[in-house]
Every structure is written in structure tokens, then in C-alpha cells.
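> Go ahead and model the full structure; you've got the sequences and the hints to work with.
Protein chains: 2
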Amino acid sequence: MRLTYFSDYAFRVLIYLAVHPERRCTIQEISDAYGISKAHLMKVVNTLARAELVVAQRGPNGGLVLAKPAETIRLGDVVRRTEEDLGLVECFRAENTCRLTPNCGLAPALGRALAAFLAELDKQTIGDMVHGHEQSISRLLAVP
Amino acid sequence: MRLTYFSDYAFRVLIYLAVHPERRCTIQEISDAYGISKAHLMKVVNTLARAELVVAQRGPNGGLVLAKPAETIRLGDVVRRTEEDLGLVECFRAENTCRLTPNCGLAPALGRALAAFLAELDKQTIGDMVHGHEQSISRLLAVP
Chain C
1 MRLTYFSDYA FRVLIYLAVH PERRCTIQEI SDAYGISKAH LMKVVNTLAR AELVVAQRGP
61 NGGLVLAKPA ETIRLGDVVR RTEEDLGLVE CFRAENTCRL TPNCGLAPAL GRALAAFLAE
121 LDKQTIGDMV HGHEQSISRL LAVP
Chain W
1 MRLTYFSDYA FRVLIYLAVH PERRCTIQEI SDAYGISKAH LMKVVNTLAR AELVVAQRGP
61 NGGLVLAKPA ETIRLGDVVR RTEEDLGLVE CFRAENTCRL TPNCGLAPAL GRALAAFLAE
121 LDKQTIGDMV HGHEQSISRL LAVP
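Which chain is which? The protein sequence lines are C and W, in order. Numbering-wise (the numbering used here), the first sequence opens with residue 1 and increments by one. Numbering-wise (the numbering used here), the second sequence opens with residue 1 and increments by one.
Everything labelled a hint here was simulated from the structure, so no lab data went into it. It is possible that part of the hints are untrue.
Remember, identical chains collapse to one label, so a pair may be satisfied in a single copy or spanning two.
Claimed, not checked - In silico lysine to aspartate or glutamate, EDC-like type, Cα no more than 20 Å apart, as pairs:
#: 1; residue 1: LYS43; residue 2: GLU84
#: 2; residue 1: LYS68; residue 2: GLU95
#: 3; residue 1: LYS123; residue 2: ASP77
#: 4; residue 1: LYS68; residue 2: GLU90
#: 5; residue 1: LYS38; residue 2: ASP77
#: 6; residue 1: LYS43; residue 2: GLU90
#: 7; residue 1: LYS43; residue 2: GLU134
#: 8; residue 1: LYS123; residue 2: GLU83
#: 9; residue 1: LYS43; residue 2: GLU83
#: 10; residue 1: LYS68; residue 2: GLU134
As C-alpha cells, this is what we get:
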């Protein structure tokens, strides 16, 4: 069980923006900071923009900022928006052929476990990930 | 976020054996019941045998039985044994290159979410999946 790279990178973008609240950041600098390809990051940023978690401003002085305060972006909400597929097993998904489906206790049990996973993530925000550590995180992400 | 097919099929094997406690079952009949290839099921059964969740008896009267009562096999334990990779994001894994790692709150938050996921699954057993529904599940799995 893994989150997609998409979610992983989305968290990194949000953390990057949260430690640089005073200015617009570029995809190039985020790409350099994490060593992640710009092409990947552009897709992630598009999804975060559609989810109204970041605002991408175009133009020569353009760049990315968080669309709302970091302390209002719950970790579970990020996963809900970036994981296309929270269908843990076949019967959660459209192509289900499992013959147990009409009388199976497993799907609801897995559904409760997924809800517990997301509820636990919702206890913390992007703000919690960075508050009090802005300087040390900035140093870690500074391109040498 | 998905469980692997490996876990999905492991649950199906355990449920199959739990509704047929009175006899040894063959991989062939489980393959026929679910429409899953024997080759896939053999790998799953090998893992379940190594995890001491099923016993595979060889020979002409051989077959599979649960290694212990269905009501003692917690769902979380199945996932722990069948998911090779519970490394939700890169920093859980050996090949980690994320520069946030020395000062990141995300990994512990995801670790707590994973623990909540497994703890929720541990509230139920394979026995809970079938008790009271043995006959209806048997009918669903009967090969026409």
C-alpha cells in the first residue's frame, strides 16, 4: 500500500510554499529544491490549483502561492484530492468481478479503515508540518 | 492508494477456507470459484502458508485449510503479511532522496494514519466476515 508519487509531490509543493509565504515561488525552484522533474511538478500543481489549494499566477512576476492559510489545509484533504484511486480492493472499483460482493463484510471493513486513515490525517495541517521549523526547512531546501 | 491484488486475493482465499471448514480445499476450486488464475493463487497461498495462516497438505487427499480458527485471524494481520510495501511515501523506503527528511512532520503523520488504518482492520477477523453468512457465501462461490 503506497500513496502515489502524485500525492507525495503534492505534499512537498505545499510544504515548500508554506515555508515561503512571503513571495511567489516558481516550479523551477521547487524542481531544483527537491530534484523532481518540472514536468511532474506541473501536473501536480495543476491538480492543486483545480483543488483550490494553490494559486498559480502567470506572467514575468508570476508564480505559486498557497490559496489559503497553511493551517487550514488538512493533510487528509490533500490525499482526497490527489489520490485518483482510493479503491483499496477490486470491489471498490468499477471493474469489479468478485463473486463475494453481494454478501461480503470485507468491503465495509476496508471502508472503515480508509476512513480512519483519512481522519487521522485530518488531525494535522500543512501548517503543522512547518510551523516553528520554517528556517530549518528553508535551509534543507536551499539549492547549494 | 490501493492494496495490492496479492492482499485482495489473500482475503478471498481465507474467506473461501472459512466457509468450508469441514474439508480440504484445492487451489483449483478456489481458482474456479473466483475466476483467478491458479498461478496467482499459488503465490498467494505460499505467502499465507509462510505466515502460518493456512496449512497446505500435499498428496492426493491434500488441500488447504486454515491454520487456526477464522475468528483469530485479524484483518490487519493479513494486510501486514501480504503487503510487501507499507511504505506510503518515498521517505518510508530505502531509496529515499527527499531533502525534507531531517525535519519533516509528514512522515510521522502518515505513520500514525497507517497505524489507524491497521488498528481499524484489527477490530475484525476473517470469522466476522463469514459467520452467519456461510451458506449464502457458499452459494455465491459455487461454480455453476
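> If a hint holds in the structure, say so; if it doesn't, say that too.
Against the structure, the hints:
In the homo-oligomer, the alpha carbons of LYS43 and GLU84 lie at most 20 Å apart inside one protomer (13 Å), although the nearest pairing across protomers, at 29 Å, exceeds that limit. In this assembly of identical chains, the alpha carbons of LYS68 and GLU95 never lie at most 20 Å apart, being 37 Å within a copy and 33 Å across copies at closest. In this assembly of identical chains, LYS123 and ASP77 lie within 20 Å of each other by CA distance solely inside one copy; the values are 11 Å within and 25 Å between copies. Within a single copy, LYS68 and GLU90 get their C-alpha atoms no closer than 36 Å, and across copies no closer than 26 Å, so neither meets the 20 Å cut-off.
Taking CA atoms no more than 20 Å apart as the test, LYS38 paired with ASP77 passes in neither setting, with 24 Å inside one copy and 40 Å between copies. When the C-alpha separation of LYS43 and GLU90 is checked against a cutoff of 20 Å, the pair qualifies only between copies, where the shortest distance is 19 Å, while the shortest distance within a copy is 27 Å. For the homomeric pair LYS43 and GLU134, neither the shortest alpha-carbon distance inside one copy (26 Å) nor that between copies (48 Å) is at most 20 Å. Only within a single protomer do LYS123 and GLU83 lie at most 20 Å apart by alpha-carbon distance; the minimum there is 19 Å, versus 26 Å between protomers.
In this homomeric assembly, LYS43 and GLU83 come within 20 Å of each other (Cα to Cα) only inside a single copy, at 13 Å, whereas the closest approach across copies is 29 Å. Within a single copy, LYS68 and GLU134 get their C-alpha atoms as close as 17 Å, which meets the 20 Å cut-off; across copies the closest is 52 Å, which misses it.
Hint compliance for this structure: hints 2, 4, 5, 7 are not met, and every other hint is.
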